[in-house]
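Each chain, letter by letter, is given below.
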Amino acid sequence: MNGKIEETVKAVLNRIVLVLLAFIIGGIVIFFIGENPLNVYYILFKKSFFTTTGFLNTLHYAGPMILTGLAIAITFKANIYNMGVEGSLLSGGFIAGILGAQLSCLPSVPLKIICLIAAALLGMGYAWIAAVLKIKFRANEMVVTLMLNYALAKVLEYLTTSVFRDLNAGYVSTKIVSNQAVFLRIFGRSRLTVFFFVILVILGFFYILMKKSKQGYVITAMGNNFEFAEATGMNVGKNIMILMLLSGALGGLAGGGWMLEDQYRYTLSFSGSPGLGWDGMLIALLGGHDPVGIFIAAVFYAGLKTGADSINMYTNVPKEIVALIQSMIVLFLAVQFFQKYKIPLFKKRAKEA
Amino acid sequence: MQLLISILYDCIYHSAPIILCVLGGIFAYKANVLNIALEGMMLNGAFISVLVYYYTQNMVIVLVLTIITTVLYGLIFSYFGITLRGNVIVIGLALNMAAAAIAGFVLVLMHSSHIIIPDFSVNEFKVNIPLVGKIPVLGEIISGHPPITYISFILIFLIYILMYKTKFGVYVRVVGENEEAARAVGIHTDFYKYGAVLIGSVGCGLAGMNLSLERMGLFTNNMTAGRGFIAIAAIYCGQGDPVISSFYAILFGLARSLSVNLSIYAGNAARLFDCIPYIIMVGVLSFASFMKHKSVRERGFKVNE
Numbered sequence: 001m002n003g004k005i006e007e008t009v010k011a012v013l014n015r016i017v018l019v020l021l022a023f024i025i026g027g028i029v030i031f032f033i034g035e036n037p038l039n040v041y042y043i044l045f046k047k048s049f050f051t052t053t054g055f056l057n058t059l060h061y062a063g064p065m066i067l068t069g070l071a072i073a074i075t076f077k078a079n080i081y082n083m084g085v086e087g088s089l090l091s092g093g094f095i096a097g098i099l100g101a102q103l104s105c106l107p108s109v110p111l112k113i114i115c116l117i118a119a120a121l122l123g124m125g126y127a128w129i130a131a132v133l134k135i136k137f138r139a140n141e142m143v144v145t146l147m148l149n150y151a152l153a154k155v156l157e158y159l160t161t162s163v164f165r166d167l168n169a170g171y172v173s174t175k176i177v178s179n180q181a182v183f184l185r186i187f188g189r190s191r192l193t194v195f196f197f198v199i200l201v202i203l204g205f206f207y208i209l210m211k212k213s214k215q216g217y218v219i220t221a222m223g224n225n226f227e228f229a230e231a232t233g234m235n236v237g238k239n240i241m242i243l244m245l246l247s248g249a250l251g252g253l254a255g256g257g258w259m260l261e262d263q264y265r266y267t268l269s270f271s272g273s274p275g276l277g278w279d280g281m282l283i284a285l286l287g288g289h290d291p292v293g294i295f296i297a298a299v300f301y302a303g304l305k306t307g308a309d310s311i312n313m314y315t316n317v318p319k320e321i322v323a324l325i326q327s328m329i330v331l332f333l334a335v336q337f338f339q340k341y342k343i344p345l346f347k348k349r350a351k352e353a
Numbered sequence: 001m002q003l004l005i006s007i008l009y010d011c012i013y014h015s016a017p018i019i020l021c022v023l024g025g026i027f028a029y030k031a032n033v034l035n036i037a038l039e040g041m042m043l044n045g046a047f048i049s050v051l052v053y054y055y056t057q058n059m060v061i062v063l064v065l066t067i068i069t070t071v072l073y074g075l076i077f078s079y080f081g082i083t084l085r086g087n088v089i090v091i092g093l094a095l096n097m098a099a100a101a102i103a104g105f106v107l108v109l110m111h112s113s114h115i116i117i118p119d120f121s122v123n124e125f126k127v128n129i130p131l132v133g134k135i136p137v138l139g140e141i142i143s144g145h146p147p148i149t150y151i152s153f154i155l156i157f158l159i160y161i162l163m164y165k166t167k168f169g170v171y172v173r174v175v176g177e178n179e180e181a182a183r184a185v186g187i188h189t190d191f192y193k194y195g196a197v198l199i200g201s202v203g204c205g206l207a208g209m210n211l212s213l214e215r216m217g218l219f220t221n222n223m224t225a226g227r228g229f230i231a232i233a234a235i236y237c238g239q240g241d242p243v244i245s246s247f248y249a250i251l252f253g254l255a256r257s258l259s260v261n262l263s264i265y266a267g268n269a270a271r272l273f274d275c276i277p278y279i280i281m282v283g284v285l286s287f288a289s290f291m292k293h294k295s296v297r298e299r300g301f302k303v304n305e
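Chains as they are written, first to last, in this note's numbering: chain A, 1 to 353; chain B, 1 to 305.
The following block holds chain B by itself, in its conformation from the complex (with noise of 0.2 Å):
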């Protein structure tokens, strides 16, 4: 019993960045710019948010400059991929490796590999629900997360509603369907896609912050490990639709919590266990996709489909 109390806990905590990451990133998909600067973005989020916390110790502070910068970075991507028509995955490449050039640089600069934020206790961010927290099992599962993990699933209606009910969601998706006409009738497109790609950033500033500073105070270079592409799985295989591509994100966050907990058991072999969120992640890929086209008569391929 305590086996799946802590392995349903851990996959709430384990999905939380990657359903920031998809949430963001669902706007560029629908608005068809495909932003594979998500990763970046988090390595950004996570290491400035563990940066300024460790100088200023002011969680507002920490909040809005993780914000700030990682907003920045979306405003290159737009930039050189929707003002100046670049080719985006160049640019979302791009990002990465700057994003982790730069940490690089400041952690030597610092003399060190990493930054541990001094008298940091887990539980410092922990948010115990008053009530829910006292129910037997759910309340263990339930309680105790840090504030941006529960701000994480209470997004997905927001962001739901945000797509489907207003102006803006449904001009993003019109301008990803068909830009032509979407210009057509007046849109401004590119403010459009600005404004997708932007939300992503900003996602994407709140997971990293969430997967650093929050759960551990710390953080190393390329501790994203990859949540930004799995991020982009999660969207590819939910086809932009905030409710089952963040179900797909929490598949990944299962996978992850069930690899964590049970390579108690495993012994020597517990290393391997890393790579299985992975490889499920690439089999519901391959398995949504070819769902997605068995219907369809199209004849041959698409760039990027």
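In isolation and in its complexed conformation, chain A is listed as follows (with noise of 0.2 Å):
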């Protein structure tokens, strides 16, 4: 047990190094620039951590993150590269968007349960086709998720420009959802609404079923050595399904809540830049595939971004700084840096290279 905990230990603390040396690196370039790098830091981290509104908002613009963190995690620890998180977190904010304006003459609470439960079955359905093609064919989960991104954006593109377009806005998007479709803010001034809870629940139940369940060990087995794992007699195949599924179907949950609580309609611009469905790898890597360091991750990573327009307010520093720092967050992740801090996550890969 002690062991444990000192691992534990060790993991976070060669996790805080990492990202403290991604922020030398970028105060060097915002040096450069012609800042004050720490001045910039401390707006930055001051109005989303230290303002009870500010950190409300963190946690707001956390929820999303943690679904496709979690979504991301499940698989890439079972070692299976889905990468069409952003594509379900698209396909179920798309889904969300139309049914939340379409069906206005339902009551709240049903539409808003439609609403979730067809986002997060179409978000499936999209991971569906990777595993399926990975399954039947051997296609490369990675690839065809990666293509099938591209293809999916250029229809949802198609579609909000024509079928679905609403020619009063002044902008191309989908018409804005019905007000009872639409998460009502709780507390005060903030943005943070009931689907957080939601999504807390969500994050308790993927944590019983990473540590506890025999699916949660499936994944550590398939993560550990996929071969092996296929000759105790695991039909990986049929989990490669599940899990796909699984995370399809966080995938677009993510984005019909992202769509009800926060957007109301899609734009183009539905998911920002660079994606929540990319965010969410930073936040699993950096969470180290484990569903409470997903949370902690989410909660720091959805500070920076909200920090981030702050920055680009207040300074001459551009926000896309902090993309700079999250690509270099996610590239030390990648290294196992203290050979000595044993972390779980790359065992497998170190022994294998």
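Simulated from the structure, these hints should not be mistaken for lab results. In this text, all values refer to a predicted model and were calculated from it rather than measured experimentally. Fair warning: there could be bad hints in the mix.
[As the list claims (entries may be wrong)] Facing chain B, a subset of chain A residues (Cβ under 7 Å, in silico):
#, residue
1, 81
2, 133
3, 147
4, 151
5, 154
6, 155
7, 158
8, 318
9, 323
10, 324
11, 327
12, 330
13, 331
14, 334
[As the list claims (entries may be wrong)] Below, computed lysine-lysine pairings styled on BS3-like, alpha-carbon distance capped at 30 Å:
#, chain 1, residue 1, chain 2, residue 2
15, A, 136, A, 238
16, A, 211, A, 238
17, A, 214, A, 238
18, A, 238, B, 292
19, A, 238, B, 294
20, A, 136, B, 294
21, A, 4, A, 211
22, B, 292, A, 136
23, A, 214, A, 136
[Said to hold, decoys possible] Label pairs and their calculated CB-CB ranges:
#, chain 1, residue 1, chain 2, residue 2, range
24, A, 273, B, 177, 36 to 46 Å
25, A, 110, B, 112, 41 to 51 Å
26, A, 167, B, 161, 52 to 62 Å
27, A, 201, B, 3, 53 to 63 Å
28, B, 112, A, 38, 27 to 37 Å
Heads up, the beta-carbon is just placed ideally off N, CA and C, and yes, glycines get one too.
The task is to assemble the complex, starting from two chains supplied on their own in separate frames and drawing on the hints.
Set out below in structure tokens:
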């Protein structure tokens, strides 16, 4: 038990060092632009973590990223590289937006449930394509999902600009969702809604799934050694399908929730840049594919993202600096810098290479 | 007839950057290093070439800086993935993000959403081949492409020779097939892996330059639009063989060219045509993977097969 705690502490310390390293590199860039890095970072974190409303907003933005982080984690941890979470999120958001606008005759609760279920199902359906191609045809899931993301983005772009376009809006978007579909804000001026608590329940469910259930053990086993997992009698094909569907559902739900609690209409920049699905990847890696870690990482990263708007406003540093820092963090997370700190996540890769 | 000519011309036009990417990427594939940073490297090539041309108007400096910076990406990839033994997929994704982030960052500093080279004419880099250009139909299709497009097609054969007829190519393949054995006979495996990745960077740098500077004289972020991943799909389909993989790259070029040329007749649904090339590649990849595994009696799945 003691060893386990020690390992966790080491893993946490290891991540903090990597994040700091990324911030130092970002600081050097800021320095060359002619701003004081410490001042910029102070502005970056002040509002999002040290004011009540700001912190609640941070939690609000962390919500969808917790879901996409989980979606990535359950597949990446099992050595399945599902890059389709972004696609699931977009399709989920799109369908929730359309249904939320069209079914305005329904009362509040059933409408929300229908929207979210449709979002999860569509996200699932999207992931199902890649899963089937992987299992039946052995097509590399990473390449397939990446390609499908581009195809899906084009299809949604077409639907948004033609069939479902709201001609009254001054920009390309679908119709705004009806009032009954919207998750209301509950804490005064902050953007936090009830959906955040739905997310926490889902997080709790996945904590149990990943830590206590048989499925969780299968994920770990597949992650440690794919062929061995199969040799011991696990049906890897079936498990790939289950994990991809779960991942797709989480992605779709993230999109649906984001639609009903924040965006209210589907625009071409629904998921932002680089996209909530891609943010999920950083969060899953930073959180060590662990539900608790994912929660912390999502809150941290959401703070970073909301703070980015502040630095855009109060300094000369473009907020793209955060994207730069994000890519540095991902890069450093790929490597076991401290060999003696054995982090379970990369143990297998290191041995293999 | 005019439509057919323009479809075939565009097919060559759209194939070139992907062929370059494929030719660069196959060495890493053969060396068993999955390089998905092709996309980011291509984006970097596109960005740096336009940026440098914008400030200097000197092709030599453009070429040198484009290749140096993309090789830098390759070095970072190799150092983290090969020397430090990190997870190459994660590193590749990080570099893709980094390339987009750096380009976005510089664009904001320039207060613009794109870089356009002033007074740029599409004909600026076009090469008219003396005799061939005069042949009726064929001349119109083959002549009048920028230089890197021609280089890409010539490279298919040079890379074929490099891959199968030289010591370097043989060693790269040996390292990929059985690293332990390669090390046992005294091959510096890391050296050949580095070499394989760096060749890929050069190819992607040229591909990016072809894509942005030579063809259009402008750069917008995300203009590579997944071409690096398409190259990876083509490599997987052709299992790393230069000629077959390039064939798949040309297939994508044809799909893209068809979607561009036919969308004129599609009216409102024209945007929908853009997704066809990606879907075709998914279909082709599935089919190729199926054919590859059909005869294999091995049980079970492998990571990233």
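Do the hints match the structure? See the list:
1. 81: Where the cut-off is 7 Å and the nearest Cβ of chain B is about 6 Å from residue 81/A, the hint holds.
2. 133: holds, 5 Å
3. 147: Holds. Min distance 5 Å.
4. 151: At 4 Å from the nearest chain B Cβ, residue 151/A passes the 7 Å test, so the hint holds.
5. 154: holds, 4 Å
6. 155: holds, 6 Å
7. 158: holds, 4 Å
8. 318: holds, 4 Å
9. 323: Given a least distance of 4 Å, the restraint on residue 323/A holds.
10. 324: OK, holds: residue 324/A within 7 Å of chain B, min 4 Å.
11. 327: OK, holds: residue 327/A within 7 Å of chain B, min 4 Å.
12. 330: holds, 4 Å
13. 331: Hint holds; residue 331/A Cβ to chain B Cβ min 4 Å, cut 7 Å.
14. 334: Holds, because the Cβ-Cβ distance from residue 334/A to chain B comes to roughly 4 Å (cut-off 7 Å).
15. 136/A / 238/A: Holds, at roughly 11 Å.
16. 211/A / 238/A: With a Cα-Cα distance of about 20 Å, the restraint between residue 211/A and residue 238/A holds, given a limit of 30 Å.
17. 214/A / 238/A: holds, 14 Å
18. 238/A / 292/B: holds, 21 Å
19. 238/A / 294/B: holds, 19 Å
20. 136/A / 294/B: Since the Cα atoms of residue 136/A and residue 294/B sit roughly 11 Å apart, the hinted pair holds (cutoff 30 Å).
21. 4/A / 211/A: holds, 14 Å
22. 292/B / 136/A: Given that 30 Å is the threshold and the Cα spacing comes to 12 Å, the pair holds.
23. 214/A / 136/A: Roughly 25 Å between the alpha carbons, so the hint for residue 214/A and residue 136/A holds.
24. 273/A / 177/B: 36 to 46 Å: Given about 40 Å between the Cβ atoms, the range holds.
25. 110/A / 112/B: 41 to 51 Å: holds, 48 Å
26. 167/A / 161/B: 52 to 62 Å: holds, 59 Å
27. 201/A / 3/B: 53 to 63 Å: holds, 57 Å
28. 112/B / 38/A: 27 to 37 Å: Since residue 112/B and residue 38/A have Cβ atoms about 29 Å apart, the given range 27 to 37 Å holds.
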